[in-house]
Amino acid sequence: MPPEIVTIACLTDNYAYLLHDPDTGETAVVDVPEAAPILRELATRGWKAGWILITHHHHDHIEGVEELRRATGAKVVGARADAHRLPALDLAVTEGDRVTVGGLSGSVIDVSGHTIGHIAFHFPQAQAVFTADSLMALGCGRLFEGPAAMMWESLSKLAALPPETLVCSGHEYTASNARFALSIDGENAALRSRAQAVAAARETGQPTVPSRLAEELATNPFLRANDPALKAAVGMAGAPDDEVFAEIRARKDRF
Numbered sequence: 040m041p042p043e044i045v046t047i048a049c050l051t052d053n054y055a056y057l058l059h060d061p062d063t064g065e066t067a068v069v070d071v072p073e074a075a076p077i078l079r080e081l082a083t084r085g086w087k088a089g090w091i092l093i094t095h096h097h098h099d100h101i102e103g104v105e106e107l108r109r110a111t112g113a114k115v116v117g118a119r120a121d122a123h124r125l126p127a128l129d130l131a132v133t134e135g136d137r138v139t140v141g142g143l144s145g146s147v148i149d150v151s152g153h154t155i156g157h158i159a160f161h162f163p164q165a166q167a168v169f170t171a172d173s174l175m176a177l178g179c180g181r182l183f184e185g186p187a188a189m190m191w192e193s194l195s196k197l198a199a200l201p202p203e204t205l206v207c208s209g210h211e212y213t214a215s216n217a218r219f220a221l222s223i224d225g226e227n228a229a230l231r232s233r234a235q236a237v238a239a240a241r242e243t244g245q246p247t248v249p250s251r252l253a254e255e256l257a258t259n260p261f262l263r264a265n266d267p268a269l270k271a272a273v274g275m276a277g278a279p280d281d282e283v284f285a286e287i288r289a290r291k292d293r294f
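Going from the sequence shown to the numbering used here is simple: count from 1 and add 39.
Worth double-checking, as some hints may not be accurate.
Pairwise CB distance ranges (calculated) [what the hints assert, rightly or not]:
no. : residue 1 : residue 2 : range
1   : Ala229    : Ala199    : 13 to 21 Å
2   : Gln235    : Arg109    : 42 to 50 Å
3   : Arg251    : Arg124    : 43 to 51 Å
4   : Pro41     : Ala122    : 32 to 40 Å
5   : Asp129    : Arg293    : 24 to 32 Å
6   : Pro267    : Thr51     : 35 to 43 Å
7   : Pro267    : Ala236    : 25 to 33 Å
8   : Glu226    : Arg251    : 30 to 38 Å
9   : Arg79     : Ser146    : 25 to 33 Å
10  : Gly274    : Thr83     : 25 to 33 Å
11  : Arg109    : Leu130    : 14 to 22 Å
Worth flagging that the hints you see were computed from the coordinates, not collected in a lab. In this text the structure is predicted, and so the values were computed from the model without any measurement. C-beta atoms are modelled at their ideal positions from N, C-alpha and C, and glycine is treated no differently.
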């Protein structure tokens, strides 16, 4: 049976995820903004969380970890580089390490930039990558700790994954991200179509994540800093990719 991914709304605009292997019954939770909605979803489905995978240290991604750990006995996995700012880890990982959820094997990717030590989890069998606040739907995380060149390197790693990969990001920011993207890439027909779909989804309260990487590659300006057309649109034709990314990120910060 194929792996199952469940998106859980938390707090005001956060998302947590369940990754479930139906062949073994094992389930992982990715990020825990708060425990209650996750525990409700687990109970509804009759699943038991065996793993908690943490992407980075920000409170809106780890606030419910201890409550969920107490309730489920799940083991906690997080970045070795971030361990001093995370709940106690049962397994500390670095880029290239493997994480196993039942029969599903995932790889750890260092996606520092939003924070130093931010990681993503890529599970090829589920065709999914859990990116939290690195690559987001039509956006990327604000650069709180790392420089633009670091974030561009991180996003480039994610951009190289198979285009059918589901990008499971951490927030419902897509509508505002779409408005910004249109301000610099308004001639992009795929972007205009996606922005309309996002607006329609939000009008009915539907989540806009996960998204497909192929869609992000076509419409997300933060992944397209290497595109000559977008470079020209921001007045930086011929500039290095990371410098164009820095300009796009700075414009978003002021938007």
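Going through the hints against the structure:
1. Ala229 / Ala199: 13 to 21 Å: 20 Å, holds
2. Gln235 / Arg109: 42 to 50 Å: Holds, since Gln235 and Arg109 (Cβ atoms, about 44 Å apart) stay within the stated range.
3. Arg251 / Arg124: 43 to 51 Å: 32 Å, violated
4. Pro41 / Ala122: 32 to 40 Å: 33 Å, holds
5. Asp129 / Arg293: 24 to 32 Å: For Asp129 and Arg293 the Cβ distance comes to about 41 Å; the hint is violated.
6. Pro267 / Thr51: 35 to 43 Å: 38 Å, holds
7. Pro267 / Ala236: 25 to 33 Å: 27 Å, holds
8. Glu226 / Arg251: 30 to 38 Å: 22 Å, violated
9. Arg79 / Ser146: 25 to 33 Å: Holds - the Cβ-Cβ distance for Arg79 and Ser146, about 30 Å, lies within 25 to 33 Å.
10. Gly274 / Thr83: 25 to 33 Å: 51 Å, violated
11. Arg109 / Leu130: 14 to 22 Å: 18 Å, holds
Consistency with the previously given hints fails for numbers 3, 5, 8, 10, ordered from lowest to highest.
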